[in-house]
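Colleague: Take a look at the letters that make up each chain.
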Amino acid sequence: MARGVTTQRKIINTTAAWAVGLLIFFPILWTILTSFKTEATAIADPPVFLAFDWTMENYTAVLERSDYARFLWNSIIIAGGSTVLGIIIAVPAAWSMAFVPSKRTKDILLWMLSTKMLPAVGVLYPIYLIFIRMGLLDTRLGLTIVLMLINLPIIVWMLYTYFKEIPGEILEAARMDGATLREEVLYILTPMAIPGIASTLLLNVILAWNEAFWTLNLTAAKAAPLTAFIASYSSPEGLFYAKLSAASTMAIAPILILGWFSQKQLVSGLTFGAVK
Amino acid sequence: MATQHSRSAARFMMAPAVVLLLGWMLVPLIMTLFFSFKKYLPLRGGDLGWVGFDNYVRFVTSSAFWPSVLATLLIVGGVLIITVVLGVLLAVLLNQPMWGQGVVRILVIAPFFVMPTVSALVWKNMFMDPVNGLFAHIWKFFGAQPVEWLSEASMTSIIMIVSWQWLPFATLILLTAIQSLDGEQLEASEMDGAPPLARFGYIILPHLGRAITVVVLIQTIFLLSIFAEIFVTTQGSFGTRTLTYLIYQRVLESQNVGLGSAGGVYAIILANIVAIFLMRIVGKNLDA
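As you go down the protein sequences, you meet chains A and B in turn.
Using numbering that gives the first Met the number 0, you'd call the opening residue of the first sequence number 0 and step up by one each time.
Using numbering that gives the first Met the number 0, you'd call the opening residue of the second sequence number 0 and step up by one each time.
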């Protein structure tokens, strides 16, 4: 370290940063705390922060009442399925862009990213109509396909950047030793690309899990994931803060944990490499 | 290097992704264009024939259009200003030496991982509710009349909720950019006696220029199409009906598909104007 930092300054920095950090995190913290209160405590005036009788009753109530497991299952299938499907389609494409680049590679990549910019509402009715005609409305399959398509550009992009870092000489050596294309991808490239694929998977599960335009508009009772389940709490009946908090906590907890692992990928993945 | 054989293999491997995305882009786009020139009311007579540019004219002359443009501009502009200004300050703060930097960083970026329906509902009920919300408690504590946030200050409320969701994104990107700043340059300027504010204005801020541009462009594209936050809070009432929400209402709620599709075409054009600038920056980086 080139520059000495006085302890005093470090204390000021630490205090300020923690204060701001806790302030920003507070709504999440408050939701988690409220989920362990009784409905009466949840709206108590003045509000109770920590000194209350902790209870699990909201969690049991949400689990019993609302068929929570089905929504959770839908979220898992849709987010996981769309990501895996997207990766299967994107790996060969990203491979060829990274290792057999042509003059048009850059244009194709940019064009792919630009499809991500298409405002969903502009194509809402056509998709809605296609879904009705093909019997895909309110099905997990339909939603999986749509979420795969909206995230495919990001998946291709992320895999491309990871693949480009793999030295091409290794692949050439394998080719000279007589490896077929299939073997080359399967035994050489894939093992080396596993970390990149894993990070891509992580970020896209998060994006798909939280997607809240198509999941709200293309599902009803059967295929609705957690985003839609939470939205059903927007017309309240009676006291429901504690239950809303419990449902919310369950919906965001898995992603908060995954998100913690994906901080680094977040920047390059979401800015398409414009900020490194 | 690359043989003819591997070239055709490469094209073959790219095909599924390209074909799918091409279909995903073109089919709905052509359908939207098609509907936008028709009087099409699925629940009231269906396809009632071609009407030329009628829908395009009616969409921009309807009384709901300009308010929705204003609402969109206010939300996008408000959130951009808040997230960029606070994001720069936060990034500078988080870049300072401190204890527990990693934990603070997680606290700050956490809101980004909260699904939009959860953040909107938590803010709406547990913070902004005029009777039981935390803000109401605080207001009452200071002897003030609690605010009916989502009706009296609807726009402020939505901007607050959305800013809370996007501040982490801006902060994280700007922090990444700050960390790539050459420390020696700052040190040299410090030795030359440049006060902190001057160091910030002449070294840090110019260095962040491109990152800020990227944040602005990407957020604009996502903010133009925010939906869930309005869907579960105001449903577009109290002046919060954005262009996106207006189109949604035309298409799915009132099932006036022709009119909504014309609106959709406007939205697509608008998003593409922003996208062109973003793609130019991304393209330059690809060459490097």
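What the hints contain is simulated information worked out from the structure, not anything from laboratory work.
Since this is a predicted model, take the numbers as computed values, not measurements.
It is possible that part of the hints are untrue.
Claimed, not checked - Mimicking BS3-like on lysine-lysine, the simulated pairs with C-alpha atoms at most 25 angstroms apart in a straight line are:
{"#": "1", "chain 1": "B", "residue 1": "Lys-38", "chain 2": "A", "residue 2": "Lys-105"}
{"#": "2", "chain 1": "A", "residue 1": "Lys-163", "chain 2": "A", "residue 2": "Lys-102"}
{"#": "3", "chain 1": "A", "residue 1": "Lys-115", "chain 2": "A", "residue 2": "Lys-163"}
{"#": "4", "chain 1": "B", "residue 1": "Lys-283", "chain 2": "A", "residue 2": "Lys-263"}
Said to hold, decoys possible - Here are some, though not all, of the chain B residues that point toward chain A, as calculated from beta-carbon distances under 10 angstroms:
{"#": "5", "residue": "Ala-8"}
{"#": "6", "residue": "Phe-140"}
{"#": "7", "residue": "Ile-202"}
{"#": "8", "residue": "Leu-204"}
As the list claims (entries may be wrong) - Incomplete in silico selection of chain A near chain B, CB under 8 angstroms:
{"#": "9", "residue": "Leu-71"}
{"#": "10", "residue": "Leu-117"}
{"#": "11", "residue": "Leu-215"}
{"#": "12", "residue": "Ala-219"}
{"#": "13", "residue": "Leu-255"}
Ideal placement from N, C-alpha and C gives every residue a C-beta, glycine not left out.
Colleague: Decide, hint by hint, whether the structure agrees.
Modeller: Results for each hint:
Taking the CA atoms of Lys-38 of chain B and Lys-105 of chain A, the gap is near 40 angstroms; set against the 25 angstroms cutoff, the hint is violated. The hinted pair formed by Lys-163 of chain A and Lys-102 of chain A meets the criterion: a straight-line CA distance of about 16 angstroms does not exceed 25 angstroms. At most 25 angstroms may separate the alpha-carbon atoms for a hinted pair to count; Lys-115 of chain A and Lys-163 of chain A meet this at roughly 22 angstroms. Distance restraint check for Lys-283 of chain B and Lys-263 of chain A: the Cα-Cα separation of roughly 22 angstroms lies within the 25 angstroms cut-off, and the hinted pair is therefore satisfied.
Hint status for Ala-8 of chain B relative to chain A: holds, with the closest Cβ pair at about 6 angstroms, below 10 angstroms. For Phe-140 of chain B, the interface hint holds, the least distance from its beta-carbon to any beta-carbon of chain A being 7 angstroms, beneath 10 angstroms. The interface hint given for Ile-202 of chain B is violated, since its Cβ lies 15 angstroms from the closest Cβ of chain A, which is over the 10 angstroms cut-off. Residue-level restraint check for Leu-204 of chain B is violated (minimum Cβ-Cβ distance to chain A is 16 angstroms; threshold 10 angstroms).
Using the Cβ-Cβ criterion of 8 angstroms, the hint placing Leu-71 of chain A at the interface with chain B is not satisfied: the shortest such distance is roughly 13 angstroms. Proximity of Leu-117 of chain A to chain B holds as hinted, the smallest CB-CB distance being about 6 angstroms (cut-off 8 angstroms). For Leu-215 of chain A, the shortest C-beta to C-beta distance to chain B is roughly 6 angstroms, which falls under 8 angstroms, so the interface hint holds. About 13 angstroms separates the beta-carbon of Ala-219 of chain A from the nearest beta-carbon of chain B, more than 8 angstroms, and the hint is not met.
Because the closest C-beta pair between Leu-255 of chain A and chain B is about 5 angstroms apart, less than 8 angstroms, the hint holds.
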